[in-house]
Amino acid sequence: MANPIVKYENVHKSFGEVKVLKGIDLDLMPAEKVAVIGPSGSGKTTIIRMLMTLEQPTLGSIVVDGKNLWQMEKNDQLMDANEKHLRQVRGDIGMVFQHFNLFPHLTILENCMTAPIHVQKESKASAKNRSIEMLEKVGLGDKLENYPSQLSGGQKQRVAMARALVMRPKIMLFDEVTSALDPELVEEVLTVIRGIANEGKMAMVLVTHEMEFAQDIADRVLFLDGGVIAEQGSPDEVFGNSENERLQSFLHRFRR
Amino acid sequence: MNGNWSWDTFFEALPIVLEGIGITIGLTIACYLFALIFGFVWTILRRIPNKPINWIVTWVMEFIRSTPPLVQLFFIFYAWPMVPVIGMALDPFTSAVLGLGIHFSTYIGEVYRSGIEAVEKGQWEASTALNFSTRQKWIKIILPQAIPPTIPMLGNYLIIMFKEVPLASTIGVVGILHMANSYGAQYWAYLEPLTIVAILFLILSYPSAILISKLEKKMNRRFDKKAIVNSKGAVT
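So the protein lines, in turn, are chains U and Y. According to the numbering used here, the first sequence is numbered sequentially starting from 303. According to the numbering used here, the second sequence is numbered sequentially starting from 76.
Next comes chain Y alone, as it looks inside the complex (with noise of 0.2 angstroms):
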């Protein structure tokens, strides 16, 4: 192996591994999307007024959440086309959207949870009391308090999920790391590429952080800043 550091190595590397740099992002687009759908899916079924639906489906969310996703990627990969009946062979990245996707919609269906459980019973009540439908109720009162104060936490998920996209690696998506990986393979050169790697990861997901951060504070004085954007607004 190389033991010194070379520019000439990361020049040559980083637009090799740079070709990755779609598919790692199309699939944490891909992974979180299918996560914020799915997400939905555990809300509603765990608002199913049913006590054994209840409990199977928090069982089975807190079986996908104790699961490593690489076990997950490996079973939906490796073993689901052994499953008779239903079982079939997906692609790499199909298999890495529903393996990751499926994961992650476990904690994203909690996020939504903690936001509708958030709104006051109040405001329940006082819908009912003007005679909304149920469908209503949801859409003009409950879910515009619900969601907002969630999108930092959302916004969190998407920066964790897309340090989980590596994963993906092992079963053949063509990321950033798989590039890096097979670089190094071939010319024996580990350390450039892999350099490359961690600092895409870094541009990417640190200004993120920063965005849901900012996200965050501008989320809590919610209604107070429409307030003032409107005292100010009544002035003139």
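Isolated chain U (complex conformation) (with noise of 0.2 angstroms):
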């Protein structure tokens, strides 16, 4: 079996004095796709956020690709990652967050290609092409030149996967993509995630309240409650029939 590209190994994360997440220990295979679940303030969004660093664990470690993400070496000894190295890791991780986060004073099309031509150093005309292209992927590219306060959320969330896209991740996060959305446009969002899913080349990391649909495009399912894994696995047995108590209230209350 392949090495994981991503390995949590005892993370823990407080908030001040509330622990959050209590000891997680996950692989993530490459190219695999894990929906986390789990009620709100679980922990779950923090799991991703410590991998796209945005939030620090407390303790443990999360290693990406063989590399420390959080650590470095340096004369001989570990120590806090500084941004440098922070750089040199998180590049092959994306994110789509809740609230979009595009940025308002570019284009959309400038909201994709900007961070090709400046992180990755991509000339400007194949970074243009590409963004064009991934536009046109998620159903936009008629919105080129369209400001992001000119679109519907789902619209917008549709350019933030294109944004992430264009950068070439192998790991990408998707935190409650769909929560701030209007219910009917909710499906144009899943659709296109289950298109990238389908290409099947990215490991993907799911934060959702779509249960269906975590059932639907996941390998593996997480349910985290009271800052654990409280139970995984494939998508029929957290679903189907598990005898955790917690999961099945939790479930219950989806199934109305």
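Treat the hints as calculated values from the structure; they're not laboratory data. Ideal Cβ placement from N, Cα and C applies to all residues, glycine included. Among these hints, one or two may not hold up.
As the list claims (entries may be wrong) - In silico negatives: residues of chain Y with every beta carbon more than 10 angstroms from chain U:
hint : residue
1    : Pro143
2    : Pro167
3    : Leu279
To be verified - To spell it out: a stretch of chain U is covered by chain Y in this simulated footprint if at least three of its residues, at any positions, have a beta carbon under 8 angstroms from a beta carbon of chain Y; those stretches are:
hint : stretch
4    : 389–401
5    : 417–425
6    : 463–476
Dock chain to chain to rebuild the complex, using the hints, since each chain is given by itself in its own frame.
Next comes the structure, spelled out in structure tokens:
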């Protein structure tokens, strides 16, 4: 079996006095699709925010492609990662946010092509072509020169996905990407994610409240509760016949 | 004193007072540029994540803001040369640029800070996720969003500063107020030259105020307006 592309070992996270995560161990395989479900406040989002380097774990380690994310060696001593180290390691990771976080002062096309040009030093022509291609793929080829304020929530989220994909990440993180959308706009976003997932190349971690979607798309489902992975397995196992009572009552609320 | 308004005096005083207009406007621009640049220094200093430094910087800014600019001008011009080792004598114009520039830089620094803090946290997070360097985050993402909304406020400070510039006449900067004053002293006629000064200030600051309020409306509609232009563009 291949080596995991991401490995969490005994990861804890506290915000002040509040312990959100109490020991997460998790291996993510290349091209594996993992859905993370669980009640709000269970730390689902924190798990992927730490991988994106937006939160630093209080304890434990996260290893990405063999490289320790939050720690580095300097003069034979292990110390907290600096920005330079983080930049080297996070380059393979992309993220889509609940509230889109598009850059409002840039056009849709500029939103997508700025990072490839300035971060990956790609030529402007090539970055532009690939950005246009990607925007066409998510169905927004006719909005290139528009600004984010002119788009619907669903369109914004599709731009956000194109923006992350243009960077060609090996790992894509989705943080409740449909939670801020009007119900009728959810499906167009899920369709795009399905398309990305079916291409199969990237590892994906989806924090979501869309249970059917998780069941449909994921290779593995994690149920997070009380700061630990309380249950995990294939979608059939988790959604089918788990004996975990907390999981049963959580799922029950979605199946009224 | 001549008790009646005299147009003869008015037209005699006008060119003399006007001789000072270049200095008044020049000093305003010099002070303003100094404040704009030094304001950035305050903003950067305040962002240093070190409690003692932060405390000192905040306290120094508060001190500068709570002291009258006139006192600061006098200190720089009269007292600074007497300070041991680092003290030196400065000419009136330089003293005024330093005094008013530093005073207003503390306000300008706060304006920058409010602009930067108004940029949503998600913008920082998205730029981290796209792996921009710290420098690129500031230049490509944060400042282009932080600065435009502060332009009307910065404009207001230009006008406020313009009206404080006559303070410099007290240390001998030969602006319009200084010219009017010496004309008055020489011919014992203050009414006309000082009226001229008031009119000149009105002529210069009123249109600027209108310009700024227009700018403000434009800035408020900034992203929407781009939207309108572009949707029209898309139709054709």
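- Message: Hints numbered earlier in the text: which of these fail when held up against the supplied structure?
- Response: No hint contradicted; all consistent.
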